[in-house]
Amino acid sequence: MDAAVVTPIQRPIAGCGLLVSDAGRYLRSGAFLSREDLMKRSNILLLVVLATASAHASSTASGSTARSGLATTATPIPEQFAGNAALQACADQLFANGLDDATNGACGNGSAGVYTDRAAFIAALAPGYIKNGFDDVAHGASGGLNYAEAGFEYLVYTQFGASGALYNGAGFVSTDRVSDKIVIYFFGGAPVTAIGGNVWSSDFSLRPTAGTITLRLDNGTTETLSSNGPDDFRGFIADAPIFSLTIDAPDATSPPPGASPDRWPTLDELIIGNGP
Amino acid sequence: MSALPYHNAASAPHGRRRLAANSPSFPKVVAVSKTFPINLLCGLLLLICVYAAPARADLSATVSSEQSSYVRGRTNTFVFQIGLISQNFEGADNIHFGFPDGVTVSAVRYLDGFHTCPDALLLALGMGAQDGGFFNPGHPSGCGYFASATTGEPHRFAVDAEIPAGYGGDLPILVSIDGDGCCDPPPHDDSVTLNFADNGSPARWSFDDVAAPALPAGWSAAVVAAGELWLSESDTSDTAPNALHAGNADSSGEAVLTSAGVAVDAAGGELRFRQRYATDSGRDGGVLDIAIDEGAFQDIVAAGGQFSSGGYSGTLEANADCAGADANPLLGRAAWTGAQDTYSTVAVTLPAAAAGHKVRFRWRLGTDCTGAAPAPNGWWIDSVELTPPSPHAVIGPAKLAVSTASGAQRSETIGIANAGGGALSYALAIGSDDCAGAGSAPWLHLANSSGTLAGGASADVAVQIDASGLADGDYSAQLCVTTNDAAAASMQIPVRLNVASGTCAVFDRVFANGFDDADNGECGTALRSFTDRDAFLRSVADGYAEDAFTGLRTGYINGPIDFGNDAYTYSVFTQDGALGGLYLFAGAGVLSTSAADDHVVITFTGAPVNALGGNFWGRLFFSNVDVHLNVDAPTTIVLTLDNGSSETFTANGPDDFRGFIAASRISSLTVSALDPTADGERYWGVVDGLIVGRAR
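Protein chains in written order, with the numbering used here: chain A, 1 to 276; chain B, 1 to 696.
The following block holds chain A by itself, in its conformation from the complex (with noise of 0.2 Å):
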């Protein structure tokens, strides 16, 4: 290796799997990719692996030196994500045009109301909701989180593409990866039209910090807001199921100074359940 031709050397940008097979070039040139460059590719990155997941590749891994924390090729997704139509119709729709497709029907039909009070919220559910306080999670590094109660099948677990998977304090949910968001996937079970929780935003340390939460139906449905604590709720009733709802903490784009930008998602107090 030639010293004068790797200075400096920046370790390649998470959620970019694919891309570290050109992680050499990269490295050596110590060109940065921009988070947006990186959103851009993933999205191009989740339809080749959603193509590409059944297959279990016997092929090893190629570009292998790369300095990385990630895995050298393509970023996956578990096999049981993979194997789900319903969702992969709807995550096709979603990244082929940008736009969810409301034609379709398979994924919802891209209305949706929205509920800022928990009460209220589940004041407007059908009987035989549930609820997911998450008391079970203990503080640290996991993987997908599978629930199945009174019919309802859920995973909590990071979007496809995702650099990491989850990161959780004691009693909630939040992912490891800075850039990764947390994501609640329906694969089966008895259909959802409802879901809600509190939603904040955490520093490093799992600490509530101020930022800004953006969750998203798979139907299209979005809804930003300035995170509070934990005590922010958000919940959602819609005319048709919901396959998943992903919950973002971008960073924070004027930090006070010295203040790190990083925020992570983060999630309790979940509610699952359907419309009246």
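These are calculated hints, taken from the structure and not from any lab test. Heads up, a few of these hints could be off.
[To be verified] To give a feel for the contact side, a few chain B residues facing chain A, derived at Cβ under 7 Å: (1) P137; (2) T554; (3) G555; (4) G559; (5) P560; (6) V638; (7) L641.
The beta-carbon is built from N, C-alpha and C at its ideal position, and this holds for glycine as well.
Following the hints, position chain B against chain A.
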């Protein structure tokens, strides 16, 4: 209410220093699964097996380790060689390592091996927990990351585990392999347990890491008749917060406290503990028993032990009012009885028969049917230690740098402690540069420069520096230490003196907060540098912050992150103008930068700090699941304090420690790894096991 997750893993940060468990002599410990023989046979007779063994287990493993024993009170690194065997090439999704109660995983590294299914996002989970390793979130994925072969595909892992000072007995490590489930026949999982021997390293129980009234792992308490149970409590400890205590009952009975089993060094051992007691004099009291190799307990003296300090104080006498079943169960035995209202040390050389064997200790407080000492009464013990009988010298600092003005005087100290048993004799002298002969430094004087220390004792040697008549400039001398500890028979401590006009005025003005020595009439400042973590800790006041950086969030960190305890807080990031921020590898348990040329900058934000130490070295990162992960190689590390003091050294790996104790406040530390190695590879400077506090 919460629903029950059926897949979850977690961790909690904690840790201490790291040390290789034993010198490599591969392979020392080898184990195979119950399915190994048939698979080995299949490997040798492949064709026959393929066609003739439909009932065989498909995935199995052989596991061996380069270590055979462990060291207490340290981060032990265990290197495992795992062979994955499958006739149908079923891979493994998860490979993880389970430890007994009290032992936690602090880091995992995949060192070498052939892997398939590269689209697997492998997670490092369980850091800070009892069971940790690499996990595929899609398990059973149908295509495991870790490849197998019919004859065993080799994989190599390093696992760092925190083993408490009080852990005793064998250390079983359960290596679990979870197959990807791709191919029948089952089973798809396998597990192997390796046992690592207690190497007889010093064992210590401070009882401070348990939540009162709990006892440490492996310890037990029992009562006979009216005895009161031994419990941990914080009311009357020798070292805060906890001691163990049993009350003085006023009825006949016994309180029995039994230690965890612990191996005695082949050369023998010395047991020390701190105690105080208040019992009905001559009627109620306590004794110490020993059991060797799980045999019957007997009095420590009757078994051949010998008190070197703090032996029994009397004999438990008969009480006419308490005959038969009402008598003290320990009647007639030599015991500690009466009142001793302050803590003192008991030291006893173990019986020769205990050498090289596993022992347990038993503290028995016996009472008769009447009378008790005024409350608070009973027996308290704290800081129990079992060490080899030979002395073990802990000496620091390794280097002393002093700045002062001409004509001024300063007093510094060299700390010497006996962390082993027996008697440690020591002597300090001013020597030549190589300590081969006598040296001369008229400005340097030693007081109390020789002595003898019993096990557990320590002393400070005063180093007087007198700059009277010295012109501005640099001066140096060599302190030469000799001891009767064979492992530390001689040691050199370089002393550097800088004499500069105006030094006192500058430091008085800048450090008027009490860190400067204006209060004691001395002039100037000093920096003591340590290379031994134990010696450094002996010079740091209680209450320091210690962070192992285990089980943190991972990936890119784009702003300062905070650590510390209630008193000593600090933030960590890169230097102003850095190319990037921090990058934390999953499972690595260290702090490092995103860009190789950047520096880790630690800024102290809480109580004033003048004692600072940690492990610093260079690491070549690839992927945390790649075969070249975490290669540690000799790297030039530069540590720079905010006052401009710096330490440059070649670090070889995670055991490289540096500590500083300054006379003035330390505001920041910058950690840098210098230029690429000759082969052009870049090594990132990494930080672990940081200690932040004040000088003792």
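| query | Looking back at the hints listed earlier, which ones does the structure fail to meet? | reply | 6, 7
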